[in-house]
Amino acid sequence: MDWTWFHRLASPPHVYRIAGTLTPWFAWPAGLLIVAALYGGLVLAPPDYQQGDGFRIIYVHAPTAWLSVMIYTTMAVAAAIGLIWRMKVAHAAAASCAGIGAWFTAASLVTGMLWGKPMWGTYWVWDPRLTAQLILLFLYLGYMGLRAGIEDTARADRASAVLAIVGVVNVPIIRFSVDWWNSIHQAPSVMKMDRPSMPADMLVPLLLMLLGFTLYFFAVLLVRLRAEILRRERSASWLREALSA
Amino acid sequence: MLAVENLHVFRGDRHVLRALSFELAAGCCLRVTGVNGAGKTTLLRALCGLVEAEEGVLRWRGVETSRSAPGYHAELAYLGHDAPLKADLSGRENIRYAVGLRRVLDREAVSRALERVGATAFAERPVRSLSAGQRRRIAFAALWLCGATLWLLDEPNTNLDTQGQELVAGLIEEQLRAGGLVVAAVHQDLHLTAGRRMDLVIPGGR
Amino acid sequence: MNRSLPPSSWPVAGRLVLERDLRLAFRRPGQLLQPLAFFAVITLLFPLALTPELERLREVAPGVLWISALLSSLLALDFLFRDDAQDGTLEQFALSGQSLTLLLFAKTVAHWLLTGLPLAVMAPLLGVALGVPLQALPGILAALALGTATLSLVGAIGAGLTLGARRGGVLLSLLTLPLAVPILIFGARATELAIKGAGYAGPMYLLAALAVLGLTLAPLAAAAAVRIGLE
Amino acid sequence: MKEFFAMGGYAWFVWPSYLLTFLAVIANIVIARRSLAAAQAEARRRLAIAGEEG
Chain E
-10 MDWTWFHRLA SPPHVYRIAG TLTPWFAWPA GLLIVAALYG GLVLAPPDYQ QGDGFRIIYV
50 HAPTAWLSVM IYTTMAVAAA IGLIWRMKVA HAAAASCAGI GAWFTAASLV TGMLWGKPMW
110 GTYWVWDPRL TAQLILLFLY LGYMGLRAGI EDTARADRAS AVLAIVGVVN VPIIRFSVDW
170 WNSIHQAPSV MKMDRPSMPA DMLVPLLLML LGFTLYFFAV LLVRLRAEIL RRERSASWLR
230 EALSA
Chain V
2 MLAVENLHVF RGDRHVLRAL SFELAAGCCL RVTGVNGAGK TTLLRALCGL VEAEEGVLRW
62 RGVETSRSAP GYHAELAYLG HDAPLKADLS GRENIRYAVG LRRVLDREAV SRALERVGAT
122 AFAERPVRSL SAGQRRRIAF AALWLCGATL WLLDEPNTNL DTQGQELVAG LIEEQLRAGG
182 LVVAAVHQDL HLTAGRRMDL VIPGGR
Chain C
3 MNRSLPPSSW PVAGRLVLER DLRLAFRRPG QLLQPLAFFA VITLLFPLAL TPELERLREV
63 APGVLWISAL LSSLLALDFL FRDDAQDGTL EQFALSGQSL TLLLFAKTVA HWLLTGLPLA
123 VMAPLLGVAL GVPLQALPGI LAALALGTAT LSLVGAIGAG LTLGARRGGV LLSLLTLPLA
183 VPILIFGARA TELAIKGAGY AGPMYLLAAL AVLGLTLAPL AAAAAVRIGL E
Chain B
66 MKEFFAMGGY AWFVWPSYLL TFLAVIANIV IARRSLAAAQ AEARRRLAIA GEEG
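Going down the list, the protein sequences come from chains E, V, C and B.
Just so you know, we're using the working numbering here: the first sequence kicks off at -10 and counts up by one.
Just so you know, we're using the working numbering here: the second sequence kicks off at 2 and counts up by one.
Just so you know, we're using the working numbering here: the third sequence kicks off at 3 and counts up by one.
Just so you know, we're using the working numbering here: the fourth sequence kicks off at 66 and counts up by one.
Just chain E, same shape as in the assembly (with noise of 0.2 Å):
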């Protein structure tokens, strides 16, 4: 087995440069699925026969939400890596998710909330998929909280490592026991729409806004991804050489 691919991930210098060129692939097809999908969902997509056009939220709803889950899950394999491997571009990484992550988790909240509007009558519900989505954040807030709390960065990368890989194995937890508490407690659900019974000009946008958005959120990573580089890059050489390019 042949590591030097492993070991050439590990240099920063080269990741830098392998970002740099990644993140136009990455954007551009995001922005095009983006576009199409709204397209197909606004448009296309007929009125849901019980919350009419009010379903159409579901098309940024359920992105944000897909992404909150899965940059925390991104992060914490980054950080987990970065300590395992003691490799500085995977505490970058993990430092890039964060603040991303929390923007989409705050969005998916806002959506779900304008979502219940119009459902149930009030803005907050505590559905249970809204509740994990709260305590989400504020997992987030905890990490960003922890990380601008240590000055050294070397320091703050492991602290945070530690937190996103605890978090990482609460967030199913936690997910389980608001299922459980919303059960025997009857709590209203906002979010009736299970996927696969949706009809198939309902469903492609949004598998197509889901694509768009992941492949929207490693554009962004990459862009963070080179900024934290080089806020640890220590070598003044390799430094010299990546500004001038």
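Do not take every clue at face value.
[Said to hold, decoys possible] If the Cβ cut is set under 8 Å, some of the chain V residues that face chain C in the computed set are:
id	residue
1	V36
2	P85
3	L106
Hint data in this document are derived by calculation from the structure and do not stem from the laboratory.
Idealized CB from N, CA, C, for every residue including glycine.
Chain E is fixed; fit chains V, C and B onto it per the hints.
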């Protein structure tokens, strides 16, 4: 016995230790000198794994070991600027709990250690009521008792009167005679009369 | 020279750390009462804020007891490692050659015996002030004892992580409370059922499951956190 | 065209959702680019300092 190669340590953005290497044989004392902030304390903490190093290999007994390997830790003792003692416990209790983690102790052994450093008189009072010099003696009693092969001492003579400094010199000589190693970050001389010595100067703090 | 003394085994080391922390705590009994006083004050605020009618208080009693207990336990968690870090003894633990996970686990057990358990014992008495029937007392005690144990284990990770951070106290709560949500949900439900006189085995099993998870994983994370915090 | 924007009466919920979501999308692009620019500027400053001492 203890070899360090190409050690690089950063504190925040400061490149504190640059490509530091040395070899220390059994029975030898390494005196580490340098201006304040040069990185003497950082070196000691890096040697015992309390501080992460960017790069660098450590060989203990000729074998490359991780700086935080339990086996290696069991053979070393680190004494920092201030004596690591609980203020609400007495000197005896502090020793019993600290060294008890490493060695099976009985009351007799602890008394011997206190006797060795001349701390028997104030051993039963809570450490809170002791002077800095007295606390240092209690810390040295624990150090002497745990019988570590490698001593990492950060300015061992702080807060000690001349009599205390003679005690420290005696303890270090005893450790060297027994084939142990000592790495001491020092400002003034250690007044050692016996045992081989080596010097390491860390370039000035930037 | 003292290399002749036999090396200490891990059970002995764990017992010593536990004994040391208990002895230290009883040297300052005042500090032991703080979390209990805090617990009492918070719990007794609710009737003033809500209603003197025991009937309605019984309705919110589980939530009040559990949230107050969690906050009181968190209050004491902040000092779990901070004192030892400041006087340098925590470093000596990390350098002792014994497994840091074990030593910190012993400290966490000491913390639970000194704060979690007393809170659990005191909760039923405060419960009576919230109109909780007597026959619910054992249920409340059991649930809280188990819940505070898990919280101490999870909280130890936060205590370690915030060791080197500015404003550690506030940060500790922000880090630990989201992770304590499952404990709160199952615990409050067990207490609610106990108050209603119904069987509360279900949530208790779930609480026990959390405790087992906490027992196995949390000490490892706490040791890693402390090692990073000590730098 | 008008009934398209009416969104079957849910206009006040659908359009704000889309607006806020794409606010987040745009915001993250801006933040990322600005973060990279700042890191590059700071790296140049560090280089300048290192240059003098090197």
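Okay, the hints, checked on the actual structure:
A distance limit of 8 Å between C-beta atoms decides the matter here; for V36 (chain V) the minimum to chain C is near 23 Å, and the interface restraint is violated. A distance limit of 8 Å between C-beta atoms decides the matter here; for P85 (chain V) the minimum to chain C is near 3 Å, and the interface restraint holds. Look at L106 (chain V): its Cβ gets to within about 7 Å of chain C, closer than 8 Å, so that hint holds up.
When the structure is compared with the earlier hints, a violation turns up for hint 1 alone.
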